[in-house]
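As given, the protein sequences belong to chains U and Z, one line each in that order. This note's numbering puts the first residue of the first sequence at 2, with every later residue one more than the last. This note's numbering puts the first residue of the second sequence at 2, with every later residue one more than the last.
Keep in mind the hints are simulated off the structure, nothing from the lab. Any given hint could be a false lead.
Note that identical chains are pooled: a pair holds if it fits in a single copy or bridges any two copies.
Stated by the list, open to error - In silico BS3-like links for lysine-lysine, alpha-carbon gap of 25 Å or less:
id	residue 1	residue 2
1	K328	K126
2	K90	K311
3	K150	K186
4	K126	K337
5	K6	K328
6	K328	K150
7	K328	K27
8	K207	K126
9	K311	K150
10	K150	K337
11	K186	K7
12	K186	K82
13	K27	K186
14	K82	K354
15	K6	K90
16	K354	K90
17	K150	K6
18	K126	K150
19	K7	K82
20	K328	K207
21	K289	K82
22	K126	K82
23	K150	K289
24	K207	K27
Number of protein chains: 2
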Amino acid sequence: MGVLKKQIAVLAGDGIGPEVCREAIKVLEAIGERFGHAFTFNHQLMGACAIEASGTPLPEHTLEACLEADAILMGAIGDPKYDNDPTAKVRPEQGLLRLRKSLGLFANIRPVTAYQVLLQHSPLKNDRIEGADMLFFRELTGGIYFGEKGRNADGSAYDHCTYSREEISRIAHLAFQSAEGRRHKLTLVDKANVLETSRLWREVVKEIAPAYPSVVVEYLFVDNAAMQLILNPRQFDVILTENMFGDILSDEASVIAGSLGLLPSASVGVHTALFEPIHGSYPQAAGKGIANPIATILSAAMLLEHFALKQEAELVREAVQHALDNKILTPELNSKAPYTTEQVGSFIACYVKEGA
Amino acid sequence: MGVLKKQIAVLAGDGIGPEVCREAIKVLEAIGERFGHAFTFNHQLMGACAIEASGTPLPEHTLEACLEADAILMGAIGDPKYDNDPTAKVRPEQGLLRLRKSLGLFANIRPVTAYQVLLQHSPLKNDRIEGADMLFFRELTGGIYFGEKGRNADGSAYDHCTYSREEISRIAHLAFQSAEGRRHKLTLVDKANVLETSRLWREVVKEIAPAYPSVVVEYLFVDNAAMQLILNPRQFDVILTENMFGDILSDEASVIAGSLGLLPSASVGVHTALFEPIHGSYPQAAGKGIANPIATILSAAMLLEHFALKQEAELVREAVQHALDNKILTPELNSKAPYTTEQVGSFIACYVKEGA
Ligand SMILES: [Mg+2]
Ligand SMILES: [Mg+2]
């Protein structure tokens, strides 16, 4: 693979977002330096910071920059002052929902890996979590989060959930293809004993399954899935589910790995792809140098893979493993001799540039 | 409290339902004998067994018997042959949904207790789960499970979620009252940053809260709640939530206690109240004498409390604790020297009749 020129839109966002993005960019620059790629970074506002600056969580200018970019790196968005105000008309999350919709980011992909060094930090007993390695495919632009919503004249509220066959089949194909390259198991999570949209998910997945004869398909109700993730997380390989179930279950699964600060994600779609850590904006930790940058750095590794830079992505993962092995970690994973956000990022960037 | 005459409708249901109900009835009869109460039991069909017998999961006759009874004791319903057939028109679960609606059972109440003797069976590390003691109030007759559902002409599917102020406030009052008698904390779980129905839940709970000044109210998004239940289950006292979130989260919470076989539930409402274990019908275990009857026996204890028989309910719980302490337990909790369903029930009934 020759030298690449790529433009990356950066939406650092709120809270600890800017700090963790800074370290991921440092690592991407180290990759660029070592391999001779030219990455340029176009910083834009989204979220609470954008509301403060311009009154809207997703300014036109930001959306345009994202559409022009080859990929998007995001930090985190959100501020508690909007969460607890049910009357707030403008919310940081609206920006993210609109961005997903505008960019056609229909699939959110999240690996959950039980790193050996973190087993002690998992709330699960080690023999339950050890070896767990699953990959979520969460539908991201349909379902109840994007449905019609409002109030009726009698004061009641409503939210409508809708799914089309096309919305289901395009992400189902991605999930099946991924399962073919993994352990050949796909679990569809739904509530087909009650919901009509879930029954459509099952129908479409059953229609598609014969095209992937090496993949074994299992069906699990969402309440049972919430239990099975804790009881026996090793049973899962690829998990496919709709938007809200994926929101709940992928968050649940993430904590069993022992640290949210280590888990990356990709959102892929029609026009482009976006990479971000799964953790939130933790405003209470902002500016203290205690935020773990590894999830964002591993998101940058997924971004490199999206550019087909496999060797580069592997080197970033190797550098992260090197930091884990040497306990170059922020306080939540190394309370006795903690490193700062900046130190962890520099250690990983340094390994990328020069090797161990 | 003097001698009582009470009629109890029994819906033993499918799979292991009849076996575990038999033991709970044995315990209730022991209570009747010891305290001189006259309980009569009216057995009726519901679920897959009712579909087989009459083509419908909730026959009129069963519904009438429930409406006439002073309380309802249920086993479990469901059969896998209906679960995996998306085209099945008649399903066991429809019977339960219709029963809840017909009886006005709007609140499902589930205690989740981390019994000391079961800590080793919990998937969570003992220091996480030890001391956890929470009580779920799940709304049971509204939301997306009961909304309009169907297919559009373009082949897409839809499910509508609606909540009225009245549906929210009646269960919120029950939850606040319960929190007043416990540790004075109520957590509302919703998705108010995205869903309009969730914003209505927050509004109504905020309006009601001042009437219960001793109760501290917290608000948690459902995806965060799915994480917090595993990360720190001790933080919860009373949890209030809508129907589907409650379905998912109360099932998730139940496995952290170490055994589904120990957890009872009550569904209370306008006309009557129904008591049932939270576990399913496990058809694969039916007839083998390995089903744990304790969850159904503890459901019978909640039923006694509903009749204001506090001393009697306490005695049943004491007898269960005695069985736990002496390891008179079915195979999933005592693999080395297991007791049968019948033996566990008889041991508890015997303690109730005669004391230790
Ligand atoms: Mg989430
Ligand atoms: Mg359930």
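The hints, checked one at a time:
1. For the homomeric pair K328 and K126, the shortest alpha-carbon distances inside one copy (22 Å) and between copies (23 Å) are both at most 25 Å.
2. Proximity of K90 to K311 under the C-alpha cut-off of 25 Å is found in neither arrangement, the shortest distances being 43 Å within a copy and 49 Å between copies.
3. For the homomeric pair K150 and K186, neither the shortest alpha-carbon distance inside one copy (36 Å) nor that between copies (30 Å) is at most 25 Å.
4. Within a single copy, K126 and K337 get their C-alpha atoms as close as 23 Å, and across copies as close as 21 Å, so both meet the 25 Å cut-off.
5. For the identical chains of this complex, K6 and K328 are neighbours neither inside a copy (34 Å) nor across copies (68 Å), given an alpha-carbon limit of 25 Å.
6. When the C-alpha separation of K328 and K150 is checked against a cutoff of 25 Å, the pair qualifies neither within a copy, at 48 Å, nor between copies, at 52 Å.
7. For a Cα distance limit of 25 Å, the shortest separation of K328 from K27 inside one copy, 20 Å, qualifies, whereas the shortest one across copies, 58 Å, does not.
8. When the C-alpha separation of K207 and K126 is checked against a cutoff of 25 Å, the pair qualifies neither within a copy, at 35 Å, nor between copies, at 38 Å.
9. Taking CA atoms no more than 25 Å apart as the test, K311 paired with K150 passes in neither setting, with 43 Å inside one copy and 45 Å between copies.
10. Taking the shortest Cα distances, K150 and K337 never come within 25 Å of each other, neither inside one copy (49 Å) nor across copies (55 Å).
11. For the identical chains of this complex, K186 and K7 are neighbours neither inside a copy (34 Å) nor across copies (52 Å), given an alpha-carbon limit of 25 Å.
12. In this assembly of identical chains, K186 and K82 lie within 25 Å of each other by CA distance solely across copies; the values are 22 Å between and 42 Å within a copy.
13. Taking the shortest Cα distances, K27 and K186 never come within 25 Å of each other, neither inside one copy (36 Å) nor across copies (45 Å).
14. In the homo-oligomer, the alpha carbons of K82 and K354 never lie at most 25 Å apart, since the shortest distance is 41 Å inside one protomer and 58 Å across protomers.
15. With identical chains, the CA atoms of K6 and K90 are never at most 25 Å apart, being 40 Å at best within one copy and 57 Å at best between copies.
16. In this homomeric assembly, K354 and K90 never come within 25 Å of each other (Cα to Cα): the closest approach is 46 Å inside a single copy and 62 Å across copies.
17. Neither within a single protomer nor between protomers do K150 and K6 lie at most 25 Å apart by alpha-carbon distance, with minima of 43 Å and 49 Å respectively.
18. In this homomeric assembly, K126 and K150 never come within 25 Å of each other (Cα to Cα): the closest approach is 41 Å inside a single copy and 41 Å across copies.
19. When the C-alpha separation of K7 and K82 is checked against a cutoff of 25 Å, the pair qualifies neither within a copy, at 36 Å, nor between copies, at 53 Å.
20. Proximity of K328 to K207 under the C-alpha cut-off of 25 Å is found in neither arrangement, the shortest distances being 46 Å within a copy and 45 Å between copies.
21. In this assembly of identical chains, K289 and K82 lie within 25 Å of each other by CA distance solely inside one copy; the values are 20 Å within and 56 Å between copies.
22. With identical chains, the CA atoms of K126 and K82 are never at most 25 Å apart, being 36 Å at best within one copy and 34 Å at best between copies.
23. Taking identical chains as interchangeable, the C-alpha atoms of K150 and K289 are never at most 25 Å apart, the minima being 39 Å within one chain and 49 Å between chains.
24. In this assembly of identical chains, the alpha carbons of K207 and K27 never lie at most 25 Å apart, being 45 Å within a copy and 45 Å across copies at closest.
Comparing the model with each earlier hint shows violations of hints 2, 3, 5, 6, 8, 9, 10, 11, 13, 14, 15, 16, 17, 18, 19, 20, 22, 23 and 24; every other hint is respected.
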